[in-house]
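Here the sequence shown is numbered in our numbering, starting from 1 and rising by one per residue.
Calculated directly from the structure, the hints in this document are not laboratory data.
Because the structure is a prediction, the values reported are computed rather than measured.
The beta-carbon is built from N, C-alpha and C at its ideal position, and this holds for glycine as well.
Where hints are given, some of them may not hold.
[What the hints assert, rightly or not] Label pairs and their in silico Cβ distance ranges:
1) 301 to 361: 24 to 32 Å
2) 59 to 358: 45 to 53 Å
3) 277 to 416: 29 to 37 Å
4) 426 to 351: 35 to 43 Å
5) 322 to 388: 25 to 33 Å
6) 255 to 185: 53 to 61 Å
7) 325 to 258: 26 to 34 Å
8) 244 to 358: 34 to 42 Å
[Stated by the list, open to error] EDC-like, lysine to aspartate or glutamate: derived pairs with alpha carbons at most 16 Å apart:
9) 63 to 10
10) 198 to 183
11) 389 to 354
12) 301 to 285
13) 170 to 351
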Amino acid sequence: MYSEASNNGEVLHVKGVTRQECLEKIRDMHGTDFIILNQARKLTSGFCGFFQKDVYEVTYQLKPKPVKPQANDVAGRFGSFTNMSQPVFPSSRVPSVDPNFIEQRDNILKNSNSNVTNTIQIAQMAKQMEEMRKAFSEQLDAVVKATSAQGEHSSITQIRELLEDNGFSKSYRNEICKRMKAEFSIDEMDDFAYVQQKVVEWIAESIPLDREERKGKPKVIILVGPTGVGKTTTLAKMGAHIAVDFKNNREKYTFAPVIRMITTDTMRVAAAEQLKRWAEIINVEVDKAEDSSMIKNLYQKYASNSDYIFIDTSGYSPNDYHNIANMHTILDVKDMDESVYLTVTAGVSVEDLENIIRNFESFNFKGVIITKCDETQTFGRVISVLSEKKKAVSWITTGQEVLYTIERANPMWFISHLKGFKFDEKDVEKRLGNADKKESGFYI
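Please model the complete structure; the sequences and the hints are all you need to start from.
Pasting the structure below:
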């Protein structure tokens with residue numbers, strides 16, 4: 001065993017026939033007070049190049065011992081901190097305090113009474129104390145994070161950073177890194193090209209897809225979601241997609257598909273006019289419905305002579321529980337076997353998407369449509385949440401053009417937009433099998 005430093009965070013090396021033997025030697029000497037920095041298989045020099053042996057070398061670092069705060073240093077500035085398990089910052093890094101601060105505080109407290117001025121002064125001082133405490137806490141967290149990263153393999157660190165750059169949630173990143181530790185050998189972990197390829201495959205496999213086609217006619221498609229996500233535009237795109245597919249693949253149709261459109265968004269006149277204008281392009285009429293009875297009457301009117309009935313809905317804040325519940329009541333029509341899709345934008349935050357899913361869960365949506373994919377460069381957020389919530393992706397849309405800007409969700413589409421990863425797309429496609437193939441036609 002030899003060392004490169006002789007301080008509290010000493011870096012040491014130990015050799016053995018196997019990795020387990022190395023670890024046992026370290027534990028015998030230091031117990032559990034160490035962090036593994038690197039592990040590698042090496043050849044001994046031997047005699048004149050002969051009789052070389054294959055050995056393991058483990059590089060590790062002793063965990064730094066807590067530094068006891070000195071008088072007038074951290075404890076003097078911030079009060080006593082108990083159970084400190086991490087190194088204390090040098091006094092030069094602790095936020096400075098006004099020399100007159102303590103004296104001012106004591107004078108105010110000594111002469112304090114019930115008047116407003118003193119109350120405000122005390123509140124201001126409390127705020128200053130809180131700001132200093134917060135700054136110190138943030139610095140301490142940074143050290144803890146840096147210390148914990150010292151024992152992590154460089155491939156794990158790089159993958160974690162790539163995932164973060166692509167917007168993946170913290171929990172998703174942790175699961176990927178946890179899987180890396182569980183499934184990769186040391187040699188595999190050292191091969192970063194191999195690691196990237198496998199991680200990209202895992203990401204592709206984690207994207208849940210809506211592949212089940214609902215039988216029977218008419219097929220009723222309802223789009224729900226917050227305001228501003230593009231439900232009306234998406235509805236028009238879906239109708240146009242059917243018309244284009246009929247034009248390009250007439251051999252698979254016995255008759256031209258009959259499409260109906262209904263809007264319940266009576267609050268926004270522009271939305272109804274917009275849908276009507278797009279519907280005219282594909283020769284489809286748009287009906288308005290203000291309540292459940294009107295939807296029921298229109299459904300009964302069109303059920304026997306239509307292939308598709310699209311229903312547009314009003315957009316509400318995901319926190320507007322009253323109107324969301326009211327919309328649920330309006331759409332509750334007996335014997336209408338509908339397929340509901342939750343519509344969200346690609347740039348939505350992790351927290352907002354989780355909240356949207358939670359508050360629209362009562363609609364029992366079949367899948368998720370991700371809109372405005374051209375307005376963001378990172379898709380880790382939606383992949384993370386939909387994977388963790390097990391919500392299938394059905395469609396993706398790009399741009400405002402009605403024609404040719406909607407397509408079935410495909411894992412390879414998302415994978416191709418990953419930033420920083422280097423991988424072989426053909427190998428990923430092979431891994432996914434037939435599930436990733438781009439499909440023609442329209443089904444729900």
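Hints, one by one, checked against the model:
no., hint, in the structure
1, 301 to 361: 24 to 32 Å, "holds, 31 Å"
2, 59 to 358: 45 to 53 Å, "holds, 46 Å"
3, 277 to 416: 29 to 37 Å, "holds, 33 Å"
4, 426 to 351: 35 to 43 Å, "holds, 36 Å"
5, 322 to 388: 25 to 33 Å, "holds, 28 Å"
6, 255 to 185: 53 to 61 Å, "holds, 59 Å"
7, 325 to 258: 26 to 34 Å, "holds, 33 Å"
8, 244 to 358: 34 to 42 Å, "holds, 35 Å"
9, 63 to 10, "holds, 8 Å"
10, 198 to 183, "holds, 10 Å"
11, 389 to 354, "holds, 8 Å"
12, 301 to 285, "holds, 14 Å"
13, 170 to 351, "holds, 12 Å"
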